[in-house]
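S.K.: Since the structure of chain A is already known, use the hints to place chain B on it.
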Amino acid sequence: KAGVTQTPRYLIKTRGQQVTLSCSPISGHRSVSWYQQTPGQGLQFLFEYFSETQRNKGNFPGRFSGRQFSNSRSEMNVSTLELGDSALYLCASKPLAGVSTDTQYFGPGTRLTVL
Amino acid sequence: GDSVTQMEGPVTLSEEAFLTINCTYTATGYPSLFWYVQYPGEGLQLLLKATKADDKGSNKGFEATYRKETTSFHLEKGSVQVSDSAVYFCALSADSNYQLIWGAGTKLIIKP
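Residue numbers (the working numbering), protein chains in the order written: chain A, 1 to 115; chain B, 1 to 112.
Since the hints were made in silico from the structure, they are not lab data.
Not one of these hints is a red herring.
Just some of the chain A residues that point at chain B, by a computed CB distance under 7 Å:
id, residue
1, 42
2, 45
3, 56
4, 90
5, 100
6, 103
7, 106
8, 107
Every residue gets a Cβ at the ideal spot worked out from N, C-alpha and C, and that includes glycine.
For reference, chain A alone in the conformation it holds in the complex:
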């Protein structure tokens, strides 16, 4: 079974631009979560989508948004990029939402650099 895939793997943008990252979950997984990883703040939860609906959201500004499609693929968008948005963005999938015992499976991440 193929793992979680994320595209692109690397991105370089300038301040003020916007960016869209894509995530394809493991086949059959319907829950997709996004995390931001930075050296200073560590790993922080952005949001979770299940059945095309956002179920849960972390403490990030409205510039960070996402969506999920009917095939469970997900995208996240960051508008008006700031230098502090430079990070590794990780996507994770699991079969269902609302089950704390389930393992989340992570993709390789998208490395975003904002200049």
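M.R.: Leaving out everything else, chain B in the frame of chain A:
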């Protein structure tokens, strides 16, 4: 709120040494506990997990026991290898919101 505290790194050991990375948590109810590992330039891989008190998770020689009385989930390995060099993250998932709450990560360096 829920939180995870890990010992700070880096932890430097010689090959074949015994490893312990401490992890304690604060959570209401009965969270599930996880150890993930991140190798350089890669995403996160599940190493092991435990979903209820006294459960022991194990994988690739690593073990951790869910201790509710001490709210701990320490990671151990009897004999580390150079290939174990990575960053290790302790995390919990609670029924309050199901997202993963992460520790800060512990960088492990194994010298031959």
